[in-house]
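**Student:** What follows is the residue order along each chain.
Protein chains: 2
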Amino acid sequence: MSPRSSVARRASSAGSTAPESVDLGVLKDMLGFRLRRIQNHLSKNFAERLAGRDIKPGEFSALALIAANPGISQIQLATEGGFDKAALVVLLDDLERWGWAVRRRSTADRRRHALEITPKGEKALAELFAIGLANEATVTDALAEEELANLYAVLDRIYGLCFSDDQA
Amino acid sequence: MSPRSSVARRASSAGSTAPESVDLGVLKDMLGFRLRRIQNHLSKNFAERLAGRDIKPGEFSALALIAANPGISQIQLATEGGFDKAALVVLLDDLERWGWAVRRRSTADRRRHALEITPKGEKALAELFAIGLANEATVTDALAEEELANLYAVLDRIYGLCFSDDQA
DNA sequence: TATTGTTATACTCTATAACTATA
DNA sequence: TATAGTTATAGAGTATAACAATA
Chain A
19 MSPRSSVARR
29 ASSAGSTAPE
39 SVDLGVLKDM
49 LGFRLRRIQN
59 HLSKNFAERL
69 AGRDIKPGEF
79 SALALIAANP
89 GISQIQLATE
99 GGFDKAALVV
109 LLDDLERWGW
119 AVRRRSTADR
129 RRHALEITPK
139 GEKALAELFA
149 IGLANEATVT
159 DALAEEELAN
169 LYAVLDRIYG
179 LCFSDDQA
Chain B
19 MSPRSSVARR
29 ASSAGSTAPE
39 SVDLGVLKDM
49 LGFRLRRIQN
59 HLSKNFAERL
69 AGRDIKPGEF
79 SALALIAANP
89 GISQIQLATE
99 GGFDKAALVV
109 LLDDLERWGW
119 AVRRRSTADR
129 RRHALEITPK
139 GEKALAELFA
149 IGLANEATVT
159 DALAEEELAN
169 LYAVLDRIYG
179 LCFSDDQA
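Going down the list, the protein sequences come from chains A and B. Per my numbering, the first sequence starts with residue 19, numbered consecutively. Per my numbering, the second sequence starts with residue 19, numbered consecutively.
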C-alpha cells in the first residue's frame, strides 16, 4: 500500500497531489484515466524544467520527428505526429527563427515543404532529450530494464490497436 | 545514450494515418510521448462518443470521484483529482444544474462544501461509464486479462513513483 | 492569519474556415 | 477538382489573482 500520510502535506493549490488518497471508484477500470494522470504529471514537470526557455511542449517532439525523418512534409508531420496543421505553422516559425530547422521547397512536389533539422537544432535536440530523460528518470530508474521494455511494447501495441479498423 | 544516427525509414507508404509510418527518433525512448499519443487518441474518441450531450471530459471523472467519495470537499476533489479549483466551480455548476450532484454545507467546517451524487447522477454515471468502457474496448478486448491487470499495476506503480519525494 | 469557495481574467491549445499556389 | 501551406479566428482548457465567509 502507498503511504497516505502526505495528504495534508501540500494544502496549497500549487501543485502535486498524493495518489490513492481518494477512492477512484469506476475510474479504477479506465485505462484513459490512468494514462492521463501520469501524463499530466510528467508534462507539468517537463514544463517546469523548461522554464525560462521559450519552448512550447510540442516543439521538442516536432524537432525530434524532423531529425528522424529528414525531408518530411508539414502535412505528414501534422497527421502522424498528432499536431494540428495550422498550429504546426507557428511552431515551425519558432524553430526557424531559432535556427533549429529549415523549410525547403520540395523538388518533387512544389506545394510541399521539406523539413530539415540544422546542426544547431541537433544540439538543441540533444539538450532537450537529456532534460526529457531526466524528467522521467524518477519513474524509469525505478523499473527493471525488462519491465520498462515490456511496458513500451504493450503501449506500442495499444497505440497500434487504436487504428485497427473501427476507428477513423 | 543513443543518438539518432540510425535512419531506418519504415515509410513504405507515406501519407496514411497508420502509426509507425514515421521514425520516432529519440521519442522512442520517452515514456511521456507514448502515453500522450494513446491518451490523445482515447480522449478524442471519447469526446466523439459524447457528441450531442453537453458534457465536458472532466465532468465524467469528477462525477465518478464524487460518487466514490461522498462528502468530499471541492479542494480535495480539485487537488487529488487533478482539477483546477476555479475550473471545478463551473464544472460543479453544470452537475448541479443537471441534478447529478449537490453541494451541501459541511457541518464540521462551514467553509467547505460536502459534495454528494444524486440518484439521477448515479444513473448518468453508469451510462457514461458504459460509454467509457466501450470507448476503450478496442484496446482492452485485445489484451489478455492478465496483461491488462499487469499494465494497470505498472501504471499505478508509476503514478505512485511520481510523488516519491524527489520531485519539486 | 490561513483556508474554502467564488469570480474575473488571461493565456495557451486546439479546431475550423477561407485563401494561395501548386498539382 | 484536390492538396499543402498559410492566416485569422473562435472555442475549450488551464492558470492566476483578488475577494467574502469561515476557521
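Hints are supplied without guarantee of correctness; some may be wrong.
A pair holds if it fits inside one copy or across any two, identical chains being indistinguishable in the list.
[Said to hold, decoys possible] In the DSS-like style, the derived pairs of lysine-lysine whose C-alpha atoms are separated by at most 27 Å in a straight line are:
#, residue 1, residue 2
1, K46, K74
2, K103, K138
3, K46, K103
4, K74, K103
5, K141, K74
6, K103, K141
Hints were generated in silico from the structure; no laboratory data involved.
**Student:** Work down the list of hints and note, for each, if the structure agrees.
**Tutor:** Quick rundown of the hints versus the structure:
| no. | hint | result |
| --- | --- | --- |
| 1 | K46 <-> K74 | between (32 Å within a copy, 20 Å between copies) |
| 2 | K103 <-> K138 | within (24 Å within a copy, 42 Å between copies) |
| 3 | K46 <-> K103 | between (35 Å within a copy, 23 Å between copies) |
| 4 | K74 <-> K103 | both (16 Å within a copy, 24 Å between copies) |
| 5 | K141 <-> K74 | within (17 Å within a copy, 41 Å between copies) |
| 6 | K103 <-> K141 | within (26 Å within a copy, 40 Å between copies) |
The structure is consistent with each of the numbered hints, conforming to all of them.
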